[in-house]
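With chain A's structure known, arrange chain S on it following the hints.
There are 2 protein chains.
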Amino acid sequence: MADVVEKRLREYFKKNAFRPGDPIPKEMELAEALQVSRNVVREALSRLKMLGMIESKKKRGMILSEPDIFGGFERVLDPLILEQQTLKDLFELRLVLELGLADLIFLRKTDKDIQDLEKIVSKSTNINKTSFKVKNEIAFHGKLYEMTGNHTIMRFQTLLMPIFEYVVAEEEKQGAAYSISRITHIDLLEILKNGSAGQFKEAMRAHLSPHFERLI
Amino acid sequence: MADVVEKRLREYFKKNAFRPGDPIPKEMELAEALQVSRNVVREALSRLKMLGMIESKKKRGMILSEPDIFGGFERVLDPLILEQQTLKDLFELRLVLELGLADLIFLRKTDKDIQDLEKIVSKSTNINKTSFKVKNEIAFHGKLYEMTGNHTIMRFQTLLMPIFEYVVAEEEKQGAAYSISRITHIDLLEILKNGSAGQFKEAMRAHLSPHFERLI
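Protein chains in written order, with full-length UniProt numbering: chain A, 1 to 216; chain S, 1 to 216.
Just chain A, same shape as in the assembly:
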């Protein structure tokens, strides 16, 4: 029942062209408009609150608000409850993103970005401990996402990262050996400074080849 009412509520807001900031009718009025009980309306409203589509404001009652676009996604990204195939799919999705970023990065990179990457790369040369290596890896690739200037893509990658690491760790547990990339962060940085987006794509593909080797 809440499924139906939740859907009807979303359609109701759409049909009446509610926009973020608009006050929405009270629970009781909605119950009357949709001909259902107040309890069911409350339950459906609670779902929309979780998605950030509705906010309760002091004195103003409820208003429609701009939803958290990945709020629901974030809540379900638990490796323990997702199927193996879905985890594998998400692993590949992150590879696809990583390979598709080049054009946005070259469109928007700044001198400051290059300096930041240089700092990250310089820190990596003296690292032996695995946990530091992983952190450095995350810092370098995270910075590349940041350089796109696209906060939605940045957030998406941040959410996918733990799944990516989980899949890698699981495979290593099962004895999968990762070969070492012939292209390093230093090479990628050099191309960002003096190369083209096309060269960067090719180099990134080579950098990620240990992951591609194990896809079928």
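In short, the hints are calculated from the structure, not lab data.
The reader is advised that the hints may include incorrect statements.
Heads up, the list lumps identical chains together, so a pair's fine if it works in one copy or across two of them.
27 angstroms max Cα-Cα, derived DSSO-like pairs, lysine-lysine [to be verified]:
id: 1; residue 1: Lys88; residue 2: Lys112
id: 2; residue 1: Lys88; residue 2: Lys49
id: 3; residue 1: Lys7; residue 2: Lys57
id: 4; residue 1: Lys135; residue 2: Lys15
id: 5; residue 1: Lys57; residue 2: Lys143
id: 6; residue 1: Lys88; residue 2: Lys15
id: 7; residue 1: Lys112; residue 2: Lys123
id: 8; residue 1: Lys49; residue 2: Lys15
id: 9; residue 1: Lys112; residue 2: Lys143
id: 10; residue 1: Lys143; residue 2: Lys88
id: 11; residue 1: Lys14; residue 2: Lys173
id: 12; residue 1: Lys26; residue 2: Lys7
id: 13; residue 1: Lys26; residue 2: Lys49
id: 14; residue 1: Lys58; residue 2: Lys112
id: 15; residue 1: Lys173; residue 2: Lys15
id: 16; residue 1: Lys88; residue 2: Lys133
id: 17; residue 1: Lys129; residue 2: Lys7
id: 18; residue 1: Lys135; residue 2: Lys14
id: 19; residue 1: Lys109; residue 2: Lys143
For chain S alone, kept in the frame of chain A given last:
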């Protein structure tokens, strides 16, 4: 209150290592375990049902289930309630995906896939009506996603498509003129048949250049 309880419920399932298919405690027991009212538990459970994390089974009560990974995302993807910046970000995210697909496509393409693309391309040559052109465009690019064999990526693109089209339509309303790609679907298909992933990336970038021209 439901926010807190919803979070605690998710943590509770995680801590107790519940897996899809496992029966979960009754509403009343959960209310006792979390020391909150039954109404609040019901509300929180309803939210998790929306995400597909919980299912009600006849005779078996509630069980934990594999969530719909993009269920929440799908519900909030309404251009009317998202900020302009978010819409623009999602537009770019789809471009990034499109540019990043090449390696998966070349890894998994089959003769049947090529035949399907040939059919789509052959239908496009005699088309003049805009609505048919758009449909053909969607069919061609949709087929490329299908060729990755990755259902999560396919679903994600299907969800992003209406947002992508909305952004293009809005820009055209505001007088933005789209130039015509020098690389056509026929060229892309030829590379899929006889070329390399690297060539495909370059060609896809050129095919999408009308969209890139208007990004800053």
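For each hint, the structure was consulted:
| no. | hint | result |
| --- | --- | --- |
| 1 | Lys88 - Lys112 | between (35 angstroms within a copy, 24 angstroms between copies) |
| 2 | Lys88 - Lys49 | between (31 angstroms within a copy, 24 angstroms between copies) |
| 3 | Lys7 - Lys57 | both (23 angstroms within a copy, 22 angstroms between copies) |
| 4 | Lys135 - Lys15 | between (47 angstroms within a copy, 26 angstroms between copies) |
| 5 | Lys57 - Lys143 | neither (37 angstroms within a copy, 46 angstroms between copies) |
| 6 | Lys88 - Lys15 | between (39 angstroms within a copy, 24 angstroms between copies) |
| 7 | Lys112 - Lys123 | within (17 angstroms within a copy, 49 angstroms between copies) |
| 8 | Lys49 - Lys15 | both (19 angstroms within a copy, 25 angstroms between copies) |
| 9 | Lys112 - Lys143 | within (11 angstroms within a copy, 40 angstroms between copies) |
| 10 | Lys143 - Lys88 | both (24 angstroms within a copy, 21 angstroms between copies) |
| 11 | Lys14 - Lys173 | between (49 angstroms within a copy, 21 angstroms between copies) |
| 12 | Lys26 - Lys7 | both (17 angstroms within a copy, 26 angstroms between copies) |
| 13 | Lys26 - Lys49 | both (14 angstroms within a copy, 24 angstroms between copies) |
| 14 | Lys58 - Lys112 | neither (43 angstroms within a copy, 60 angstroms between copies) |
| 15 | Lys173 - Lys15 | between (52 angstroms within a copy, 22 angstroms between copies) |
| 16 | Lys88 - Lys133 | within (23 angstroms within a copy, 34 angstroms between copies) |
| 17 | Lys129 - Lys7 | neither (51 angstroms within a copy, 34 angstroms between copies) |
| 18 | Lys135 - Lys14 | between (44 angstroms within a copy, 25 angstroms between copies) |
| 19 | Lys109 - Lys143 | within (11 angstroms within a copy, 32 angstroms between copies) |
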